[in-house]
Amino acid sequence: MADAHTLTGTGGATAHAHGDYLDDPKGIKSWLTTVDHKRIGIMYLWSITFFMIVGGLFAMLIRIEHLTPAKTIMDAEMYNRVFTLHGAIMVFLVIIPAIPGSLGNFALPLLLGAKDVAFPRINLMSLYLYWIGALMALGTLFMGGVDTGWTFYTPYSTTTGGGVTLMVFAAFVLGFSSIFTGVNFIATVHKLRAPGMGWFEMPLFCWGMYSTALIQILATPVLGITLLLLAMERLFHIGIFDAQLGGDPVLFQHFFWFYSHPAVYIMILPAMAVMSEVIPVFSKKTIFGYKAIAFSSVAIALVGFFVWAHHMFVAGMSVYAGAIFSFLTFFIAIPSAIKVFNWIATMWQGSIELKTPMLYAISFLLLFTIGGLTGMFLASLSTDVHLHDTYFVVAHFHYVMAGSNLIALLAGLHYWWPKMFGRMYDESLGRIGAVLVFIGFNATFLPQFVMGSRGMPRRYFNYLPQFQALHVASTIGAVILAVGLFLTLANLLASFRRPKGMVDNPWGGKTLEWATSSPPTTHNFEGQPVPLHGPYDYRPVPAPIGSEVHTG
Amino acid sequence: MSQATTTVQAEHEHPPFLQHHFTGMQQQFDATKLGMWLFLVTEVLLFGGLFVGYGIMRAKHPEAFMAAHHHLNRTMGALNTIVLLVSSFTMVMGVWAAQTSRKRLLILFLVLTLLCAGTFLGVKFFEYQHKFEEGLLPGNFYTHQGDTVPGQFMFFSFYFMMTGLHGFHVVGGMCAITWLLIRAIRGDFSASYYGPVDLVGLYWHLVDLIWIYLFPLMYLIS
Numbered sequence: 000m001a002d003a004h005t006l007t008g009t010g011g012a013t014a015h016a017h018g019d020y021l022d023d024p025k026g027i028k029s030w031l032t033t034v035d036h037k038r039i040g041i042m043y044l045w046s047i048t049f050f051m052i053v054g055g056l057f058a059m060l061i062r063i064e065h066l067t068p069a070k071t072i073m074d075a076e077m078y079n080r081v082f083t084l085h086g087a088i089m090v091f092l093v094i095i096p097a098i099p100g101s102l103g104n105f106a107l108p109l110l111l112g113a114k115d116v117a118f119p120r121i122n123l124m125s126l127y128l129y130w131i132g133a134l135m136a137l138g139t140l141f142m143g144g145v146d147t148g149w150t151f152y153t154p155y156s157t158t159t160g161g162g163v164t165l166m167v168f169a170a171f172v173l174g175f176s177s178i179f180t181g182v183n184f185i186a187t188v189h190k191l192r193a194p195g196m197g198w199f200e201m202p203l204f205c206w207g208m209y210s211t212a213l214i215q216i217l218a219t220p221v222l223g224i225t226l227l228l229l230a231m232e233r234l235f236h237i238g239i240f241d242a243q244l245g246g247d248p249v250l251f252q253h254f255f256w257f258y259s260h261p262a263v264y265i266m267i268l269p270a271m272a273v274m275s276e277v278i279p280v281f282s283k284k285t286i287f288g289y290k291a292i293a294f295s296s297v298a299i300a301l302v303g304f305f306v307w308a309h310h311m312f313v314a315g316m317s318v319y320a321g322a323i324f325s326f327l328t329f330f331i332a333i334p335s336a337i338k339v340f341n342w343i344a345t346m347w348q349g350s351i352e353l354k355t356p357m358l359y360a361i362s363f364l365l366l367f368t369i370g371g372l373t374g375m376f377l378a379s380l381s382t383d384v385h386l387h388d389t390y391f392v393v394a395h396f397h398y399v400m401a402g403s404n405l406i407a408l409l410a411g412l413h414y415w416w417p418k419m420f421g422r423m424y425d426e427s428l429g430r431i432g433a434v435l436v437f438i439g440f441n442a443t444f445l446p447q448f449v450m451g452s453r454g455m456p457r458r459y460f461n462y463l464p465q466f467q468a469l470h471v472a473s474t475i476g477a478v479i480l481a482v483g484l485f486l487t488l489a490n491l492l493a494s495f496r497r498p499k500g501m502v503d504n505p506w507g508g509k510t511l512e513w514a515t516s517s518p519p520t521t522h523n524f525e526g527q528p529v530p531l532h533g534p535y536d537y538r539p540v541p542a543p544i545g546s547e548v549h550t551g
Numbered sequence: 000m001s002q003a004t005t006t007v008q009a010e011h012e013h014p015p016f017l018q019h020h021f022t023g024m025q026q027q028f029d030a031t032k033l034g035m036w037l038f039l040v041t042e043v044l045l046f047g048g049l050f051v052g053y054g055i056m057r058a059k060h061p062e063a064f065m066a067a068h069h070h071l072n073r074t075m076g077a078l079n080t081i082v083l084l085v086s087s088f089t090m091v092m093g094v095w096a097a098q099t100s101r102k103r104l105l106i107l108f109l110v111l112t113l114l115c116a117g118t119f120l121g122v123k124f125f126e127y128q129h130k131f132e133e134g135l136l137p138g139n140f141y142t143h144q145g146d147t148v149p150g151q152f153m154f155f156s157f158y159f160m161m162t163g164l165h166g167f168h169v170v171g172g173m174c175a176i177t178w179l180l181i182r183a184i185r186g187d188f189s190a191s192y193y194g195p196v197d198l199v200g201l202y203w204h205l206v207d208l209i210w211i212y213l214f215p216l217m218y219l220i221s
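Which chain is which? The protein sequence lines are Z and F, in order. Going left to right, the first sequence walks through residues 0 to 551 as numbering that gives the first Met the number 0 numbers them. Going left to right, the second sequence walks through residues 0 to 221 as numbering that gives the first Met the number 0 numbers them.
Be aware that one or more of the hints could be misleading.
[Said to hold, decoys possible] Only some residues are given here: those of chain F computed to face chain Z with a beta carbon under 10 Å: (1) I106; (2) V122; (3) E132.
[What the hints assert, rightly or not] Stretch-level coverage of chain F by chain Z, calculated; a stretch enters the list once three of its residues show a Cβ under 8 Å from a Cβ in chain Z: (4) 25-33; (5) 147-156.
Derived by calculation from the structure, the hints in this document are not laboratory data. Quick reminder that beta carbons are idealized off the backbone N, C-alpha and C, glycines included.
Please take these sequences and the hints and turn them into a complete structure.
The following block contains the structure:
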């Protein structure tokens, strides 16, 4: 490490004493034993991409099955397994780790001007736990699959056959992977900020990751113990969730959603974090309401712990408790809306460049608004009785979980791709992909709102013929979405045929990651960067991005 | 040029246990300590789920829990409580010995802590053995005869889940203390570097603390 530092500190863009992190050192072994946050982020990225394709294939099977009201390509039991695996893979292996694991690991230390996350080895362990959990989840395929849905509701999950126990342990292991990421991010944000970077001089991405990490460490252990109890119930019939033995199956739902509702915010807060970086850069304007966005992230993280029972309005809960949970659910819409208004105000009178990341960002604003507002229908006690367990719910949470998280991942990926690999993708194809994804997504899920409000129940294998037209429309939308996603993937991969190192700061970003070369060297910066201005300082006379002063 | 000079000096003074991404020992110590506290938070929540479940099930079946807890041996529970409290004390003394660079005392206190932990597990082994012989087991493995109050298996479900998970943590703590012992014998720890002893100490106190709650909830129901 000394050699790089003893060179002059004129900025990484010119001095390449170390090779870039992708090539130095070379070899598969050096990748598998790396503790470099950037490499771990990249490995998370490819793992998540792989599982997104697997989960997406299951989704396509579901959509193909629903082309006709009766059996199309699979029987009802196979259908149950397919939608369970789609849900479990997408939630535990894709959406929850997606942005923190890939973009977070890659960008957070760079944005803070740090050399790495606080605990690099624990970071690598998080990735290995992810792989182990993923193998366990896939292993259930050879044990007759899982047919409980990703929510593992008792008493069905304690009585049905198949690989439920293994899947439960897989989710347990994946939970620890998530906890380790969370511990790392909180310690990194607290202790490894560049000298002179106060809490309110951090880029907002860091606030989003910090809030996400708070939920990861406060909620995930409760899921861990819940799943352990569920496994014990299956193995030893310990009785806690079994009404016949004096237990309480609804208690499982309370425990489960105590994690799994905050987990929804593990999915959305990183998406919001990406938005707060992308929107100001492509509007060339200081972010509007920095503190409001920062505090609303923390508010979402905290209030998110007190809304879980809105999943259980019809599960036999006290109506008074229901009214409180309904109120709190409406309440949490406020910090979410504050963010949306602030992003729009950031765009107001900015010099908006409709580059690929910005197109995804605008898609996010639209999809998240639809997803958020339809959540209000479900938060109302009376309408929820009608809409509960229908396709309305399916459409709602896909807008929030897939429509927002996935789109934000793509926004962030296109934004940081040149930073990650030092190569630029084809801009026109990127834009076409973004538009196809947007159209495909809406075509898939808007019909499901209609079906759901007309009474189409979720997780049903068969349906009444009157829903067929809408189901077919939804399937066509899914095909468009798949085409858009594969085009995007191909476009990103095709960038590897272009020369490397030509794009140090393609967007004119002001945050510290753009102060080093693209791709960065192994140690991120030559020396210790010190931010000389705020992260969103787009005033007409540009200050230098960051001067390299080594402070020892 | 001045930057280059300071870097070279820093390189010469590089402390042996400073990881490359920290700027100094203090930052490393603060970050790892924060990390350990965060980990302890997750541990509290992990056990928290069990405590909540225990509370709800005990509220549903107060007579069964009352009757079942008489099968536990209070003397053994109290003995284990004392053993763990003593081990917390020896652990604290170990941290003090590390902070003041007293290598031999550090080794002594770590060995004493390990002995206490081993004693705890030994007592636990005899308690578990007794439960297995009597058929006082979770769920459908419960085969104890002659109960007047039904549903006592639920108590033993929680007894084994909670003391079992706690036992795993004791074993984990023993592994960590053994690792400290090896490093202490090697002479790694001193007043300028004692972070790992401090962190394992924090973890060990949490393990004790959880037992302090488990003991009355399991053995002293009234």
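Hints, verified against the model:
The interface hint given for I106 of chain F is violated, since its Cβ lies 26 Å from the closest Cβ of chain Z, which is over the 10 Å cut-off. At about 24 Å, the closest approach between the beta carbon of V122 of chain F and any beta carbon in chain Z exceeds 10 Å, and the interface hint on this residue is violated. The interface hint given for E132 of chain F is broken, as the beta carbon of that residue sits about 18 Å from the closest beta carbon of chain Z, more than 10 Å. Using a Cβ-Cβ cut-off of 8 Å, 5 residues of the region 25-33 of chain F lie near chain Z, which meets the minimum of three, so the contact claim holds.
With 4 residues carrying a beta carbon less than 8 Å from a beta carbon of chain Z, the region 147-156 of chain F meets the three-residue requirement, and the given coverage holds.
In the structure shown, a violation is registered for the earlier hints numbered 1, 2, 3, in ascending order.
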